[in-house]
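Student: Okay, here's what each chain looks like letter by letter:
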Amino acid sequence: MPLNKDATAAIDVRNAVKRYGDFTALKTISLSIRDNEFFTLLGPSGCGKTTLLRMIAGFEDVTEGAIFLFGKEIENLPPNKRPINTVFQNYALFPHMTVTDNVAFGVQRLGKSRQEALRRAGEMLELVQLSQFAERKPAQLSGGQQQRVALARALAPSPKVLLLDEPLSALDLKLRQAMRFELKEIQRETGITFIFVTHDQEEALTMSDRIAVMSSGEVQQLGEAREIYEKPRNMFVADFIGETNLLEVFVDKIVEGRAMCHLGGGHALTCDAVEGVGEGAKVHMSIRPERLVLSETEAPENSLRGTVHDNIFVGTDIQSVIDLDDGPRMLVRTSNSDRGKKHLFERGATAYVTMEGGAARLLVD
Amino acid sequence: MKRRNDIKHYTGFLPLTLLCLFILYTPLIVVMVYSFNESTSITTWGGFSLKWYVDVFTGPESAKFKQAAWNSFVIAIAAATTATIIATLAATAIIRGGRFKLRLPSLGLISLPLMVPEIVTAVALLIFYNFIGFSRGMMTILVAHIVFCIPFAYMPIAARMQGIEDTYEQAALDLYATRFEAFTKILLPLMLPGIISGYLLAFIISLDDFIITNFVKGAGVETLPTAIFGSVKQGIRPNIMAISTMLLAVSMLIVTLSYLISKTDKTK
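Protein sequence lines, in the order shown, are assigned to chains A and F. Position one of the first sequence corresponds to residue 0 (numbering that gives the first Met the number 0), numbered consecutively onward. Position one of the second sequence corresponds to residue 0 (numbering that gives the first Met the number 0), numbered consecutively onward.
The following block holds chain A by itself, in its conformation from the complex:
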């Protein structure tokens, strides 16, 4: 097997399969995580993202395939022999030790002197701005502070790769948003490869260099945040990441990279062709609500007529619900800052929903 392909990758997962008895948790995963990257495994609970993370950490063995760390196979190394550290979901700070001793623990296990370990712990606590809490016990800290101690503890031994298992899920919204930036900052500052597991798509989009969207034990799509959001490959990704409108279309012809389609009622639509969708296919088209424009008159292309069902105020945007004459219910988001410029349609009014160029995306089922 030509396994050792990419020695520059921080983590190289090659055809990894994980089975528990008859249950297959991961179906042949292959992905390569670059050095210095903020990489996110995103998916709903039970998609296998945590299993994959635990396999990289060494807490689960690999049923088939292999995992490489900078070109070196780590399958046979126990967790305490892998230069990889984890920030656990519930932090797992040692409750009987002070914050400093928690952070120094890993450094000391590596055979460094106590003095050296304490110095390093001090450094790390400074990095996460918790120096003044060094002598406290974890229970005397708030959730956000505990989270930062867990981060400092995992970073202290200078791991080659840092794994983060939904580390923000226990924090409240404000803190979670602040921590996103802090995590990203720390990742840039330390230059350590971060592998971040989350089910929160917003978290993934805001922090990651690249995202692997997972579901039912498979990687559905791997790419940069923008790419995943704007060019979802299939139904699952389009639906899971952000909000979207789905239209069932028939592909008539593909000409020069453009797909000519029509809706069930015959209305013609065109959009970019994608790999995997050929002529004659019946597939779904995805259009993000913010890429739709409402107007009184029909636009020359990709314009559908409907009736305004409701207008919902959602802070930064107004969300209009439109029942299409020839199709399902659509959501249209209009930014509040554009409200003066754009006409807001009353309930029951007739309006045309027009897709911005390049906004519509055909999905592989």
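Hint data in this document are derived by calculation from the structure and do not stem from the laboratory. We put the CB at the ideal spot given by N, CA and C, even for glycine. Check the hints yourself; a few may be wrong.
[Said to hold, decoys possible] Covered, in the sense of this in silico footprint (three residues per stretch, anywhere, with C-beta under 8 Å from a C-beta of chain A), are these stretches of chain F:
#	region
1	43-51
2	226-233
[What the hints assert, rightly or not] Some residues of chain A that are not near chain F, with every Cβ distance over 10 Å (derived):
#	residue
3	K26
4	G70
5	L92
6	L126
7	V127
8	S141
9	G277
10	D309
11	D324
Starting from the known structure of chain A, arrange chain F on it as the hints suggest.
Tutor: Same frame as chain A, now just chain F:
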């Protein structure tokens, strides 16, 4: 509706409760009160005195009781220590060992002595010692005590360990600790309240045991309970009440201690 369903409003609740409390605690109170009796009689009150406590330590039977108390404490300490070590290792294997085939049988075997009638264990041990030619004395008592102390030590230790998430040990392993370090530096300190609690429980169970001890002890070797029993056979003197009261105080102290320690939770 709620008030009517409240157990306090059931007919006869109060008298029944009082009756139970009376039957349970009156004998103990009588013994405690009469241990301070000036009179030699065990039924008539002759004024307050500590003379029977003095008698326990200096009276004609004092040498016998001192030796018995010494034996009791030596056995209790040795038995509790050994049982606690075995119980800790057993709990680690059963709770942290993952799913192994003999897990359920192990769990059953370790708690079985709780369900076997004491007299059966006593007779079985006696026959077994005879069978292997183990001559009776302190050692036979000690081995027997270790055996029946294990489940008592196991219970609080296992309960404690179940309350400790295994992510702590995983975090230790993740931070380059060996399995042994993860056990000694993380799991053991977190389990300490349970271990102390189990130790004290085993200690008190050993200290109080009569039936098994009486069967397996050698001639001339007495523990406190068997010495008290021997003394009572010759007629109940108030010094027995004084010893019993002291034993009760020690028991209560240790059980309370055990309870309080098991309540301290370092994980919170």
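Student: Does each hint fit the structure? Answer for all of them.
Tutor: Verification of the supplied hints:
no.	hint	result
1	43-51	violated (count 0)
2	226-233	violated (count 0)
3	K26	24 Å, holds
4	G70	22 Å, holds
5	L92	8 Å, violated
6	L126	17 Å, holds
7	V127	16 Å, holds
8	S141	15 Å, holds
9	G277	48 Å, holds
10	D309	45 Å, holds
11	D324	56 Å, holds
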